[in-house]
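All chains, full assembly: derive it from the sequences and hints.
Take a look at the letters that make up each chain.
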Amino acid sequence: MRTILIILKKEFRQIFRSRPMLLVILAMPVIQLLILSNAADYEIKQLRLAIEDFDKSRLSAELIEDFTFNEWFELTALDLNQEKNDELLAKDEVEAIIAIEAGFEKNLQQDRTGNIQIRLNAIDGATAEVAASYIAGVINKWAVQEQKQVRSRYLYNPELNYKSYMVPGILVMLVSVIGIILTALNIVREKEIGTQEQINVTPIRKYEYILGKLIPMLIIGIVEFSLGLILAIVVFGVPHLGNILLLYVYLFFYLVVMCGIGLFISTVAGNQQQALFLAFFMMMIFLFLSGLFAPIESMPDWAKVMTKFVPLSYFIRVMRSIMLKGSGFLELQMELVVLIVMGIIMQTIAVLNYRKR
Amino acid sequence: MAEKIIETVNLTKRFGDFTAVDAISFEVNKGEIFGFLGANGAGKTTAMKMLCGLLLPTSGQATVAGYDVYRQSEKIKLNIGYMSQKFSLFSDLTVWENIEFYAGIYRMPRQAIITRGEKLLQDLELASQKRRLIGALPLGIRQKLAFSIAIIHEPRLVFLDEPTGGVDPITRRRFWEMIYNATERGITVFVTTHYMDEAEYCDRISMMVDGKIKGLDTPANLKLQFKEKSMFDVFLQLAREKSHEAL
Amino acid sequence: MKHFKIFIWKEFLHIWRDKKTLLIIILLPIIEVLLFGFVLTSEINHVSLGIYDQDNSDWSGELTRSFENSRYFDLIRLYNEQDVEKALRGNRVKAVLKIKPEAEKSLQMGESGIMQLLLDASDPNIARTIEVYIMNMSSRFMKQAGNRKNLLDVQQLMYYNPDLKSVFKSVPGLMAVVLMLICAMMTSVSLAREKETGTMDVLLISPLKPGQIIIGKMVPYIAISFVNILMIIALSVFVFGVPVRGSLVLLFLFSGFYVVCALSFGLLVSTLVNTQQIAMMISLAGLMLPTTLLSGLIYPIRNMPRWLQMLSGVFPARWFVETLGHVMLKDSPVYYFLQPLGYILLITVILLLLAARRFKVRYD
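Chains as they are written, first to last, in our numbering: chain A, -17 to 339; chain B, 119 to 365; chain C, 4 to 367.
Rather than coming from a laboratory, the hints here were simulated on the basis of the structure.
Residues of chain B placed beyond 10 Å of chain A at every Cβ, according to the derived structure:
#	residue
1	Asp135
2	Ala183
3	Leu257
List time: in silico DSSO-like cross-link candidates among lysine-lysine, alpha-carbon distance up to 30 Å:
#	chain 1	residue 1	chain 2	residue 2
4	B	Lys204	B	Lys330
5	C	Lys23	A	Lys286
6	B	Lys193	A	Lys(-9)
7	C	Lys108	A	Lys123
Backbone N, C-alpha and C define an ideal beta-carbon position, used for all residues, glycine too.
Structure below.
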């Protein structure tokens, strides 16, 4: 026990001695959280439209009016010059062009088909699809004026505030990056400098050494997480309906997994550069399979299976559920079991891989 | 017969096809300064690493301080000190913090750490430098400090792996005085070096060439045996033999 | 000139010897492109949908079946309000469709609101998407006839990416992120390492000029970057069918400019720090999320608040994504991408100037 305390003392002294490092560890995630949370927004606030009205009739004017009075759209051009409009599309100055053909009103009145053409910049397929469905929605509503059979209620996030959803996720990501890299680099660095060898000839036991390395990382992770959590609640107004203490229980086990991965990387890597690239490699894969940016709901089945092996996906889910939905332990038992099992597996692999000889 | 602190029989280490240490057998007596001489790559460091439990031998037997290197390496570690050619103190910790750390992991009581640590600093005339970062000290002082810290827990045996690499002659001189002081306190010293003048300071020397021990005796006897005036000539003779074999 | 060549050769050897790093640098973009191409889709796929049928009529049964047969949803039947609550809170379902009692009758009497859709809106996007899908499916089910809708023919033309493949957008973004990170990390770490081990001093007192040292450090990474660019493009063209509509020469030229920009950033970092560890933390922890998020790779830049849009302009990745879009997907005329290209050059010059001021040839 005393040996562990001695190692802890040494680790903290080293961390606090390096001001730039401290700055990187504590300030960088906070700044990133504050700035980047504003970037994460899929929501199309306003679609810029160009409308080509070749009909110039009462009906077409009615339809155009529906677009002008809709808060989702911003009518930027009402020009009949198709080439010029296409150029606007290419330059990303409008998202879509709606063309109403000549004779639109007449056709409809005579029970013939009325043609409307929508041209979209589809490089960003997702945005284009959403845009198309918004536009189709307005047109349909204008055409049908049907009664609404399904009434929707948005639970847990009634204002559809995307930040409430993203901020907790980005926080988890930031804590993970620092946790993995710091652990991996810390140990590899001692290997490289040669102090590792010195320590290996001392009577320090393997578990003492590893605990002495892990505990500071856990503490750093918890401090960092807390900072971020305060910001999330105070600055971004993210709701926190569930039990925050429970959140920390999950955080603890999650950090154990992450540090285990970092430790594992450090046993595989020969120098700091390799450790960095291994960590980078893992983080990039985790990033896209975590459900942070790409919703797991829209992944193909094989990718859904892969997300089950990504610890990030569990903790992000826990975080969002506890904060936004007020979920309790009963609803999140499975996640806890998985995180604990992952932690045990990762730590075991890492410890077995770590050699004093 | 003097008490034996290291005993090896046919100790061997192979890395794949390469035999780094080839069946060496020797004994080290308690309280002596035992030198391990040889060119770079002769297998000195590998042999030493096996003895301190950093490397597992391929075959052969060895006991250090009465403990078996295969099974009792943790016991061995409690009884030895070690200082490597790579720099082994933490450069981002202060002098005192390094002392505290290393003494602490050898499970020294807190009070003893303070008294012995203060004494160590006085002996090295470093009391005023206590709070300076290791990284800010000159190499010579760091090496002396590293040695003092390596024996702060009064081990029965200390391994020094080319401890004076890159140090000026005056500091080397001082360093050897410190080694003598340590032996007077009953600490056995096992040192590898390729400085031939340092070899003369040792009680007994083993000459390693290509993983084998080619000669083992006091410096005086070795010079007689190889009919040379200095250890340097002994070394050259062995090196020449090697190149003849190669031809 | 000869000693300069030897120096570059040394740099290549460093990289070549470190097989693990090399493997990662080469493998990473491949895996990323594959992941991106397959994982990032805008469709929903087998989302669990709870159905709480309070009507239990033939009509509601038929409606339920129509959902069951779609590949978008996996149905989970729920039998009381408590079930509904638990399923939503426990992440078992993303939405619950409640069919009210007597729904069929109410429908015939022309009443509205016979179904309620409870959405887990903690992720607003998915909630909205699910809502749209369910609305469309239910109104298709009800097949209301006799209105103008049947007469309308709305034709959608998806320009540049008719199949709405997400790879189209992600390829340029991915190239921007991967190149930025690899180049910045490699240079900053490699230079910090020379500083840490003291070999930098040896280089500085050698007859090499500081400029040559820097260029020598950059050349191998430029080479590796081009291998990466080639691989990413080959994968996206042959596996995902992304077209290269513009000129390949221009594509490589611009990539070259961008790579130099990324390398300059790494150079600047290395002049600011003394240890590899900090160089790494800055170039990885400090770059990974900002380049991913502010390049427009995942989130459209024009959705961001104005100040953030301006800030994203500081990151060359944003401009590179824009130029790539023009060259690869649109084959736009040159004057379209002169501006973003100009920004990249400007950023490079600023980075290099800053680095040059910090790069010490002598110790004070």
